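Asks: Sequence:
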Amino acid sequence: MQNILDHIQCGVFALTIESPPYGLSINDQIDHQINDQINDSKFILRFAIANLAFVQLVWGELSPEKPSNLIGLQPHDCLPQNFVRQLYVHIHQCLQSRKKVVYEVETDAIAKHLVSISLSLVIDNNQLPQIVGTCQDISNLSLSKSQVGQPNHQKFSHLVNAISDAFVVVDSQGIVCYVNQAAENLFGCQAEDIVGEVFGLPVVTGESTNIDILNRGTTTSAEMRVSETIDEDRMVYVVASLRDVSERKLVESSLQLRERAIAASSNGIVITDATKPENPTIYVNPSFERITGYSAAEVIGRNCRFLQGGDRQQIGILDLHQAIQEQRECHAVLLNYRKNGTPFWNDLYIAPVFNDRGELTNYIGIQTDITEQVKSTQRLLESEERLRTVLTSIKEGITFSDDSGYFSIFNDGMENLTGYTAAEANASHDFTNFLYPDRQEHDRALQRLQHLQETGQVMTVETHIRHRDGTFKDVLVSTRLMAYKGKRMYLSSYYDITERKKVETQLRYQSERERLLNAILFKIQCELNLEQILAITVKEAQALLRIDRVVVYQFQEDGSGQFVVEAVNDSVLSILGQTINDSNFNQDYIEQYQNQVISSINNVDNANLNPSYKELLQCFQVKANIVVAISLGGILWGLLIAHQCFAPRDWEEFEIDLFKQLANHVAIAIQQVKLFERVQDLNKNLERQVADRTQQLEQSLSQLERALLKEKELNELKSQFISRASHEFRTPLATIQTASDLLRNYGHKMSEDKKLERIDKIQREVKGMTNLLEEVLIIGKTESGKFELHPEEINLEDFCQEIIEQAKLIGNGRHQVRFNNINLPSKLTIDPKFLRQIIANLLSNAIKYSPNNSDINFTISQTKEYPPKLLLEFQDRGIGIPMPDQAKIFEHFYRAHNVGMIVGTGLGMAIIKNSVDILGGTIQLSSVENEGTTVKVKLPISLKE
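Following my numbering, the numbering of the sequence shown begins with 1 at its first residue and continues without gaps.
Rather than coming from a laboratory, the hints here were simulated on the basis of the structure.
Treat the numbers as computed from the prediction; the structure is a model and nothing was measured.
Check the hints yourself; a few may be wrong.
Below, a list of computed lysine-lysine pairs in the DSBU-like style, where the Cα atoms sit at most 30 Å apart [what the hints assert, rightly or not]:
#1 LYS888 x LYS869
#2 LYS66 x LYS249
#3 LYS827 x LYS749
#4 LYS487 x LYS539
#5 LYS100 x LYS249
#6 LYS754 x LYS848
#7 LYS761 x LYS749
#8 LYS614 x LYS674
#9 LYS848 x LYS833
#10 LYS761 x LYS833
What follows is a set of in silico ranges between Cβ atoms, one per label pair, in the way DEER data are often shown [unchecked claim]:
#11 ALA887 x THR432: 47 to 57 Å
#12 PHE819 x GLY920: 22 to 32 Å
#13 MET489 x LYS276: 49 to 59 Å
#14 ALA887 x LEU701: 29 to 39 Å
#15 LEU632 x ASP657: 16 to 26 Å
#16 GLU18 x CYS177: 43 to 53 Å
#17 PRO277 x CYS177: 54 to 64 Å
#18 CYS526 x ASP657: 39 to 49 Å
#19 ASP412 x LEU481: 22 to 32 Å
#20 GLU499 x THR432: 51 to 61 Å
#21 GLY456 x GLU499: 31 to 41 Å
Yeah, the Cβ is synthetic: ideal placement off N, Cα and C, and Gly gets one too.
Given only the sequences and the hints, what does the whole structure look like? Please build it.
Replies: Structure follows, in structure tokens:
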């Protein structure tokens, strides 16, 4: 604002009237001041505004004084005494009349400036009253009477025309007598057009009047001063001096607008004088007064540091001092104190003001009361601090991050879980690369994050992350999306479930271990085959623990050993059958494991081992191993060994314990097998000792055993028969019962044909039951061993034709049986009864389960093997046998699931199988459902040449 004032050509100053009596209104205060004496101590005037033109008018062009030096001072402290006396007198006149007062005063004793001063009273209900004055140098316009009479008219005109103000001389009649060049320009007319005309403007001597002059369609604001003069002829003339004040009014209007804007600002504004010591305040706006509680009068002339109270060690104050020393802008937040002592936070911005010569003249400060913001921020910080304290105390990992991956929260639990500090995590730019080094795991983590962004739903997953030390941990991660301070944030919690996973794994392995042990125990109980028991042991252990190789090493009597059984996950690791022939090594090995039942090595390369032993392990590609002794009564039988071949492995305690238990059960199995073998040897020795005397007993015992076995099977057959018979006999018996009841009760009403029909039905059902019983008897005899073979010489081709004709009756002649004898002689020797059962049942099944009018191929031939055998081949295009049923098709009473309503007992194939076995032959069946069945039977025969 000072710079603007300094650019105004006329002198401008403002004096504040201070210290009015208490309790009076503004108007009453003014009235009271008017009635007081000028020198009354209660009547104080202080400079509030002064520009450079005013200083130069008072002290001259070379005045050392600066306008800012006057601010806050009283006129009698800084102005010449003559000037001050006249100033107070005319201020008194202005206060009395409450009108503008204009007077002239001579200043600058050297240059003898004559200055016209205009004083006005300005009253604002919100401000102290002020006297506003403007000054104009009128030295060139005022001439003494002696000077007027001396120059001639030409010289007078030349002098007056040189003046920039317009001059109009009017006689007592109001007629214009003279105008100068400036007047011509102001009115827009030539002198000859104006002189002689009536002036037309009201003139009052001694007054200054503001008028508007119309000049060619535009309006010019002018200030007119009027004075009287008398020439040598005693003629009275009125001299009107008009000054164009358009520019000044524009400047004043702009200045007033800016002053109103500054006064209306909600920010406190303060202006200080940087040219004076202590940088005193020269202006404050109403908002400054409202914020601080101090009035302008209480602040002006003082340094603003009093607002800081006793709190002078603030960082912002140090920044301000540094900025003032460096004459630069500064922004700081200070804790200030209001007039009532309450503190407030001041957001202060200061800027230096320089004059045209680059000299620092003022500082402008803009202050904003941010107390509520600071309190709100403090509350938020306290809340965040409490939250951080809570999150820090939580042992689980907690993170709070934004889209860029910056962690606002990375608590101690997360640092412990990952091994990284919050600073290291933020410096990584993408912390997921550290947690998920595997690219697939990293991609899955990013996919989960993208899914969270799309759905916004809380996502909880179990995953594993890498610790800084390279180990991996299982964690349960729960992440939710939330908005915080206008940004999208991610709140994640990490729960370490490594131990839980270990427990789950151990429980799972324990369950598998128990299953494996139970399976081995079951095999031991059911099997006496040592090789099979060992194979099951290594296979199950290798699959359960995912070990590269599990082997059993057996020691020989000479101290050497051999790998007798193995299970590997890659065939290149096989060492089955390899031996170790180093007698010294084997001897040391035996002694070691007799004293130490079990040993484990996690890393062969780093283990402190005998060089020869390490070399042996490396020869077998062993990186880690478990070795458990298999001892029988204190004697080392062998070793159960686990080999990890591709990488070292930290063996778990339960894994070692599992191998220990397996070795114990294997030892039990070996002892059981050996015990069985000893029993067998004892039995053999006993049998050899009493062979002659107990041969009959032995045979009887064998027969008895077979009889018991057959009896057992017969008992089972009886049970099956009873169950089947209850079903198979129920329908025919019901039919027989119904037919017989009809004959008995209604026979006298039936025709002979109806009676015969009922009797035939009864006979068919009886025949079916008889056939079923015959089949059961055949099964019983063949399986109980109560049969005898009676080989006979037969003509096989005639024999087959006879059976074919009988079989056709089953299908009522609707099937074509194509019989073919390839290379068999006509005569051969065989038991015809069992051969008939085989051929009849196979033809019966082929016809029964084939569609009508289909072909049945029956071929007999002689095999090329030695001795040659009889080959019977039956082929049909029937319903076939489903693959799941083929394994059980030879069982008693078993029928395929696709037979539907086709009648049958389920004994035919069992009879065929028994007959083939009795004759010492084999049977082969191949069938495709809905395509047909082929059966091949090979029987030993005696050919007659």
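Asks: Decide, hint by hint, whether the structure agrees.
Replies: Now for the hints, and whether the structure bears them out:
1. LYS888 x LYS869: It holds: about 27 Å lies between the C-alpha atoms, which stays within 30 Å.
2. LYS66 x LYS249: Holds, at roughly 25 Å.
3. LYS827 x LYS749: With a Cα-Cα distance of about 57 Å, the restraint between LYS827 and LYS749 is violated, given a limit of 30 Å.
4. LYS487 x LYS539: Not OK: LYS487 and LYS539 at ~58 Å, beyond 30 Å, violated.
5. LYS100 x LYS249: 17 Å, holds
6. LYS754 x LYS848: Distance of about 28 Å is within 30 Å: holds.
7. LYS761 x LYS749: Distance ~18 Å between LYS761 and LYS749 Cα, so the pair holds.
8. LYS614 x LYS674: Cα-Cα ~34 Å, so violated.
9. LYS848 x LYS833: 22 Å, holds
10. LYS761 x LYS833: 29 Å, holds
11. ALA887 x THR432: 47 to 57 Å: 55 Å, holds
12. PHE819 x GLY920: 22 to 32 Å: 25 Å, holds
13. MET489 x LYS276: 49 to 59 Å: 53 Å, holds
14. ALA887 x LEU701: 29 to 39 Å: 34 Å, holds
15. LEU632 x ASP657: 16 to 26 Å: Between LEU632 and ASP657, where Cβ atoms are some 21 Å apart, the hint holds.
16. GLU18 x CYS177: 43 to 53 Å: 49 Å, holds
17. PRO277 x CYS177: 54 to 64 Å: With Cβ atoms ~58 Å apart, the hint holds.
18. CYS526 x ASP657: 39 to 49 Å: With Cβ atoms ~25 Å apart, the hint is violated.
19. ASP412 x LEU481: 22 to 32 Å: About 24 Å separates the Cβ atoms of ASP412 and LEU481, which means 22 to 32 Å holds.
20. GLU499 x THR432: 51 to 61 Å: This hint is violated: roughly 24 Å between Cβ atoms.
21. GLY456 x GLU499: 31 to 41 Å: At roughly 32 Å between Cβ atoms, GLU499 and GLY456 fall inside 31 to 41 Å, so the hint holds.
Figure legend: structure checked against the earlier numbered hints; hints not met, in rising order: 3, 4, 8, 18 and 20.
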